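Chains A and B supply the protein sequences, listed in that same order.
Using this note's numbering, you'd call the opening residue of the first sequence number 1 and step up by one each time.
Using this note's numbering, you'd call the opening residue of the second sequence number 1001 and step up by one each time.
Read the hints as simulated data drawn from the structure, not as lab findings.
Being a predicted model, the structure only gives us computed values, none of them experimental.
Treat each hint with caution, since some may be false.
[To be verified] Below, simulated DSS-like cross-link-like pairs (lysine-lysine); rule was C-alpha separation at most 30 Å, straight line:
#, chain 1, residue 1, chain 2, residue 2
1, A, K355, B, K1302
2, B, K1079, A, K382
3, B, K1130, A, K91
4, B, K1338, A, K91
[To be verified] If you anchor each label on the Cβ, the simulated ranges turn out as follows:
#, chain 1, residue 1, chain 2, residue 2, range
5, B, P1280, A, Y369, 51 to 61 Å
6, B, D1269, A, G268, 46 to 56 Å
7, A, G411, B, R1259, 33 to 43 Å
8, A, K379, B, N1216, 17 to 27 Å
9, A, V55, B, S1364, 19 to 29 Å
[Said to hold, decoys possible] Under 7 Å between C-beta atoms, here's a sample of chain A residues computed to sit facing chain B:
#, residue
10, D143
11, F230
12, S319
For glycine and all other residues, C-beta sits at the position ideal for the given N, C-alpha and C.
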Amino acid sequence: MHKGTLAQLAGDLRARRVSATELTRHFLGRIERFDPKLNAFITVTAEQALAQAAVADQRLAKGDATPLTGLPIAHKDIFCTSGVKTTCGSKMLDNFVAPYDATVVERLAAAGVVMLGKTNMDEFAMGSSNETSFYGPVHNPWDLALVPGGSSGGSAAAVAARIVPAATGTDTGGSIRQPAALAGITGLKPTYGRVSRYGMIAFASSLDQAGVLTQTAEDAALLLEAIAGFDERDSTSLDDSVPPYSKLVGEPWDDVTIGVPESFFDAGLDADNAAAVRAALKELTKLGAKLKPIELKYIHLSVPAYYVVAPAEASSNLSRFDGVRFGHRAERATGEDLVTFYMRNRGEGFGAEVKRRILTGTYVLSAGYFDAYYLQAQKARKLISDDFARAFREVDLVAGPTTPSPAFGIGQKTSNPIEMYLNDIYTIGANLAGLPAISIPCGLVRNLPVGLQLVAPPLNEARLLKVAHHFQRATDWHQRKPGGYA
Amino acid sequence: MEWEIVVGLEIHAQLATRSKIFSGASTQYGAAPNSQASLVDLGYPGTLPVLNGDCVKMAVKFGLATNCEIARRSVFARKNYFYPDLPKGYQISQYELPVVHGGRVDVVLEDGSTRRVGIVRAHLEEDAGKSLHEDFAGMSGIDLNRAGTGLLEIVSAPDLRSAAEAGAYMRKIHALVRYLEICDGNMQEGSFRCDANVSVRKMGDAKLGIRTELKNLNSFRFVEKAIEIEAARQIELIESGGKVAQETRLYDPDRNETRPMRSKEEANDYRYFPDPDLLPVSIDERLVAQVRASLPELPDAKRERFMRDYALPAYDAQVLTVERALADYFETVAKATKATPKIAANWVMGELTGALNRDSLEVSATRVSAPALASLLDKLAAGTISGKIAKEVFEAVWAGEGSVEEIIEKRGLVQISDSASIDKLVAEVIAANPTQAEQFRAGKQQVLGFLVGQVMKASRGKANPQQVNEALRKQLGPGAS
């Protein structure tokens, strides 16, 4: 049952070969069995899931179902869920139960999707390995000693081990695509504003974007169609109609020119990983794609620009976690002065990486440093956006590796933040430019999955998904699964 | 040494929208604590601000009324600081690109001269909540009902030269925002508040002195007193060899003194940056035209018109146009009555305003309607009643005893104007006061007033005073005129 993609399971549900309740029980059973060693979940909502499944079965029986009704998924624990704890991977929110649903959650629930639980993540989505979570690291199903990537590491590991058929995630600098690559699954980050951020706990507001982690591009299309679209509660959401992605994904191949930034294949990229990506590109040409070398002149500025802009916004976004109205309040917080109150609550509630970024962000926004850091970073961001815009005058998509290497060991990079940050070197550009991007499995390196990243012009998710889908029809990398989860 | 006081004001006007600037919560004053704070106002994780377009229109209205430039594109920025009544840990405000800037108002001063005051900028922002330090032994209470209410912060140039000028400017802006119906101007409820930047310099100096910022000025009187006391403090300090420190000071109205705020109450670096949750505000020609078309006649134009159309003195026109409702009331009376506009103005500024103030009522809640006052003034003009009686009738109408006509009728207050009755009353008074009559005949003119008073008293105020005067002179003989 768990071997099916969302699309296949949807077919089974409609044909009444399986009920939503059976599916839900099956996946809850798998979570119970495998999650103790993966640590992919922070909260499992078994009771609620079964209740939702029962309602879904009624809808299916009445013929009142959507294509998603009865499909179980998991939400990254960054999305607020009414009545269910939403921790964002932090001690700060260990006691936080949101009184409302995020738009993504609300839209999927309305479509009849069953929520199995909330997945583990780097604290406040700050990390590339899922090691900064207050709830402990997530283990990569391909090798439990390795990280699954981050920050949507719990979602990636859960889908890779097929303990859920699909999951939501968020991507600020690569947090969907990087773990998707390291876990051997498909990860889609839509155009900035394509999916509402309402109810998604903010890390860096101008970069954050909700998306999905799935087994296939076809599944990603199915979910995107349900979560995309304008939301009046998010001023930055785009007021553009939502194309029928799930239909468009299967349309015949058309002429596609794919730009390949040669600088992505420099010494920073693992040689075997490079070979896998080259092979995938060759596969695309067999499908009819034309490859064209391109130059992204300023892409080397993306990591430094990102590590100014993202912490700057985060330092402000995380100010609301003060222990006054919600969240962690230290035992001895009150009784002394206000500054002590804040210091104790925040000192105890936040982990080291979050503190590092708050400090960095506070610094770059400070009087005297603002121009040199924040404004410079914004200029670099503009140059990077222009780079992509220029490229897209000549090519339809930009392709390259998703990560510099396959998954690394738990604890291997924690002592060196810079090395950790370089994990997102290929993914950050799409966030800075607000572009849609997808990572799809494209090979195994030393028996570990690696990803091919495709980036499209704004709102061109349909083409992105279609090319990925055709690639997946021609290859079976996305069907490779880690051993031990049969 | 002669010193010049230099003042600039930052006025916070709470925008009179039904809902808050970035959330749908109500802005109604006086609700139970925290009952009007939505998840957005509480800064809940995952919530996002959505701009209330009415706030933008109100800002444009103010901009147009003060000859400001309307920014085609303005940007919301975050002002970061920690305080328990600031739920998000930052206030959404505007920093580099305010919604309107570069305007001016002309303020008429007491001596009749005009001071032109620059409006550097006016920007939109959200209000914070309230911290309540009393009533909670050893603890602080927080009420977030006000958090997220839209404010227009109006920043003047340092163009004011005295406490009185600052007061006059503040009254001017107060009148303006009420005319424009963008702020209810209620100072007790904190809808209209003010900080003052005060410095002093030697008369003739071009360079500005070091300024202090005075907080907590929640009445016109406090603004004037605080500036006066602060300027005096600065002058004394400099004259005794000291230097003014640039700092924020709190005005204490009980002790009538300013004192430095504790350094912890003062945030140093707000780390402003553009709010990534909100798009830049774009204002197109159409919106500006639409707002322009909705502008009412403004106080300055109305004042000029009152002087021109009703031949009122500048002072009267000024007083009557401070408040739109009062001006409308006056105009209704002036148009309806046969009495002169000046008489109408006197009554509106005198009896009406007095009664409203006495009973703490708004013009809209007046107990003597404009048509009623017009009819009362008609009776006065026609000589049906005297001025004194008219005041009595006004009070009776105010007390709800009936219409002008009913009260005059019921109380028998019609003025005695027939000469026979007046002659009779006069004769009686002369007979009863022979000494005074003799004194008058001997040339002591002042006694006439006493005798007139006696006749009026005898007629219970109803005799026509002009006629009484004439009759007395006639009856006391030719030597008397």
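For this session: Identify every previously stated hint that the structure contradicts and give their numbers, smallest first.
Result: Hints 1, 4, 5, 6, 7, 8, 9, 10, 11 not satisfied by this model.
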